[in-house]
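The residues making up each chain are set out below.
There are 2 protein chains.
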Amino acid sequence: MAKPVNAFYAQSGGVTAVINASAAGVIEAAREHPDVIAKVYAGRNGIIGALTEDLIDTSQESAADIAALRHTPAGAFGSCRYKLKGFDKNQAEYERLIEVFRAHDIGYFFYNGGGDSADTCLKVSQLGAKLGYPIQAIHVPKTVDNDLPFTDCCPGFGSVAKYVAVSIKEAAFDVASMARTSTKVFILEVMGRHAGWIAAAGGLAAQQEGDAPQIILFPEVKFDQTAFIDRVRQSVEHNGYCAIVASEGLQTLDGRFFSEAGGTDAFGHSQLGGLAPRLAELVKEKTRYKYHWAVADYLQRAARHIASKVDVEQAYAVGRAAVEMALAGKSGMMATIVRDADTPYRWHVGEAPLAQVANVEKKMPREFISADGFGITDACRRYLAPLIEGEAYPPYAGGLPQYVKLKSAPVPKRTGREFTI
Amino acid sequence: MAKPVNAFYAQSGGVTAVINASAAGVIEAAREHPDVIAKVYAGRNGIIGALTEDLIDTSQESAADIAALRHTPAGAFGSCRYKLKGFDKNQAEYERLIEVFRAHDIGYFFYNGGGDSADTCLKVSQLGAKLGYPIQAIHVPKTVDNDLPFTDCCPGFGSVAKYVAVSIKEAAFDVASMARTSTKVFILEVMGRHAGWIAAAGGLAAQQEGDAPQIILFPEVKFDQTAFIDRVRQSVEHNGYCAIVASEGLQTLDGRFFSEAGGTDAFGHSQLGGLAPRLAELVKEKTRYKYHWAVADYLQRAARHIASKVDVEQAYAVGRAAVEMALAGKSGMMATIVRDADTPYRWHVGEAPLAQVANVEKKMPREFISADGFGITDACRRYLAPLIEGEAYPPYAGGLPQYVKLKSAPVPKRTGREFTI
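Chains as they are written, first to last, in the working numbering: chain A, 2 to 422; chain B, 2 to 422.
It is possible that part of the hints are untrue.
Copies of the same chain look alike in the list, so a pair counts if it fits in one copy or across any two.
Unchecked claim - Okay, derived cross-link-like pairs now, SDA-like style, lysine to any residue, Cα gap no bigger than 25 angstroms in a straight line:
| # | residue 1 | residue 2 |
| --- | --- | --- |
| 1 | Lys414 | Gln92 |
| 2 | Lys287 | Arg232 |
| 3 | Lys84 | Tyr290 |
| 4 | Lys414 | Asn240 |
| 5 | Lys414 | Arg82 |
Just so you know, these hints were derived from the structure itself, not from any lab.
Construct the complete structure from the given sequences, taking the supplied hints into account.
Printed below as a string of structure tokens:
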């Protein structure tokens with residue numbers, strides 16, 4: 002029987018409320034196979050940790066701390082926004098990876114990220130064929146943008162979806178109470194520069210005709226100011242108020258980002274603020290209604306306190322599955338979520354070849370957006386509803402969630418060489 | 002024994018995650034004394050409901066629905082921002098109140114609000130002496146601003162405090178993960194135009210030296226840009242990132258609101274956006290650090306999903322106590338929270354005369370703010386920590402909290418007269 006080798010695991014891109022659950026899945030599954038995987042070394046700050054030989058020895062973390070990753074948001078090992086170039090463009094980086102992997106006896110590579118990371122993972126899986134260092138590379142999907150192909154959904158998305166649906170439901174109760182003498186329009190800006198999945202999830206809050214949000218603004222639907230203002234007025238007249246979920250990626254009719262279309266101020270600076278304050282200004286100008294707006298930003302993707310149980314379970318499952326796929330001899334693959342049924346929701350973990358995954362974005366289908374462009378369809382609701390099911394509360398002490406901070410002990414360096422990125 | 006009379010209850014000012022728990026306390030306590038209080042009529046949209054004879058018959062709501070108010074945010078009966086003028090300035094309003102109260106046999110008045118509402122409640126308590134219509138008026142305290150005197154804290158505040166502490170803790174985990182190649186500074190804008198209580202609560206997230214938030218900006222401390230930027234740089238150098246909680250009421254050195262100090266754009270419009278984007282712009286200009294910002298706005302005060310258990314219990318208790326005070330023959334009083342001990346936290350409900358409460362604002366004591374002006378002291382922590390203790394999750398179905406919408410059946414009008422406000 003072959004001597005066990007080490008595994009490399011890293012987190013990449015924007016972090017989520019559940020990416021650490023995937024880390025727990027990888028590490029716990031690996032620990033069950035000490036005959037094959039000796040230790041899991043985590044890259045500090047993603048692939049940068051591999052390039053700079055900045056590795057964390059996860060074997061020094063207790064089982065309890067690794068288990069606590071299941072309820073701890075963000076990237077416990079640090080993430081990065083760093084995409085490896087092609088083999089032809091920057092061979093030095095690949096040679097450095099091999100140098101580090103060889104020095105630390107790394108035979109498995111688990112990369113936890115979105116589309117760009119899938120591309121990095123694919124390239125690592127090709128190190129054997131291209132540069133003679135065989136390594137099994139498996140991608141663990143993660144992105145709040147929900148835009149990876151082949152998987153029914155992306156771990157991280159379900160929890161943002163739940164946060165947005167809960168938040169707009171609550172804020173709409175608030176504005177409905179205030180509307181008689183005060184605020185009549187409320188705007189919640191959410192993430193989604195290129196796809197409206199997150200904004201769409203706000204639509205789950207509406208359970209009956211007239212329920213908030215009365216308007217959803219998608220990046221997929223060019224912004225028609227007149228139709229929008231008409232709709233705001235209608236809602237205020239019929240419901241007393243109007244609650245709006247707006248995707249940060251909303252575009253003007255001529256295809257610019259609405260949030261950047263405001264020009265510059267007297268000093269030549271771009272006007273401050275994002276989409277929500279601009280929309281609010283438009284509402285005020287056209288209707289004189291009193292408004293409030295919120296920008297959820299990182300709060301939405303870090304909100305482990307209101308994570309979706311389904312999402313936590315899926316994030317953990319794809320982490321475990323990645324290890325099992327590697328143990329089965331696979332490489333250049335991504336673990337995926339396969340939906341078996343909508344109601345009651347059933348799913349299992351499948352797989353897809355990275356060559357087909359990398360750099361493909363899954364857009365929202367047009368049939369998920371209502372004909373008027375301001376809401377979601379029943380088909381969209383059937384797709385989204387299961388993803389926010391269940392609560393998975395973290396433990397609390399003194400009123401605060403108890404998130405784990407790992408020891409993150411560095412692995413002693415062995416290459417004797419610095420590498421500048 | 003006297004024939005039972007009806008009670009009037011209404012919600013006033015900005016609503017909270019727990020004001021409906023006070024409503025439940027009032028209504029449930031009243032239902033236990035049908036020999037004294039026949040029915041509770043709620044004003045639709047606060048005192049406006051009394052002036053316009055727009056009353057809701059709460060006796061038509063089931064016990065289950067009234068109990069569900071304990072876990073439903075915002076104002077179930079609608080709120081208003083409307084302050085009664087003095088007796089001498091607008092006697093017509095007081096005569097109208099008496100007309101409506103008399104027509105509906107109302108002998109008790111429970112008003113659920115902040116400082117302005119305490120003033121309204123005081124005036125109603127004087128209707129007997131001034132205009133010959135005796136009515137017992139008890140104030141039920143509520144305000145996220147935590148600025149009412151005589152009470153240890155204000156129901157509504159503890160839940161916002163918890164939301165802000167949890168949110169900055171989570172977002173700081175996020176920015177810490179991203180800081181190596183991306184966002185280094187995160188700014189969360191919170192409520193508090195005149196007092197820094199809510200911003201201070203963010204400080205509870207910091208449990209060890211160096212923990213986020215590394216900077217808190219209070220309305221009580223004039224904004225020193227240079228000291229602030231120095232502090233941001235220090236935090237990024239020491240911790241890798243900087244998480245900031247900023248009160249919307251932050252003021253410039255010359256006493257203007259920082260959020261309004263940006264001037265106008267080329268078209269003469271005020272620059273868009275609130276405090277957070279302006280601060281972010283400043284950070285970018287001075288440090289070039291990549292930043293993100295969030296504005297919590299209504300999300301923070303509507304966030305029943307992460308309400309403080311202590312807060313929910315106190316909100317309910319002051320509602321019940323108000324009825325008990327009225328039954329004991331009291332009037333012109335406010336129910337208060339009295340702290341018996343910090344650790345473990347013990348409290349009971351007390352009372353204070355409205356004549357001393359009305360229009361007095363309780364500021365944050367200077368000794369609650371650290372010497373450098375950017376953090377909270379241990380004394381502040383001892384005061385705040387108990388207020389966010391415990392979780393009081395609402396029930397969920399299909400991934401969403403199940404908040405109640407009442408039937409809100411109108412009481413048939415009897416005065417035969419319209420009243421325009």
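Results for each hint:
| no. | hint | result |
| --- | --- | --- |
| 1 | Lys414 with Gln92 | within (22 angstroms within a copy, 83 angstroms between copies) |
| 2 | Lys287 with Arg232 | within (12 angstroms within a copy, 42 angstroms between copies) |
| 3 | Lys84 with Tyr290 | between (46 angstroms within a copy, 21 angstroms between copies) |
| 4 | Lys414 with Asn240 | between (64 angstroms within a copy, 23 angstroms between copies) |
| 5 | Lys414 with Arg82 | within (23 angstroms within a copy, 64 angstroms between copies) |
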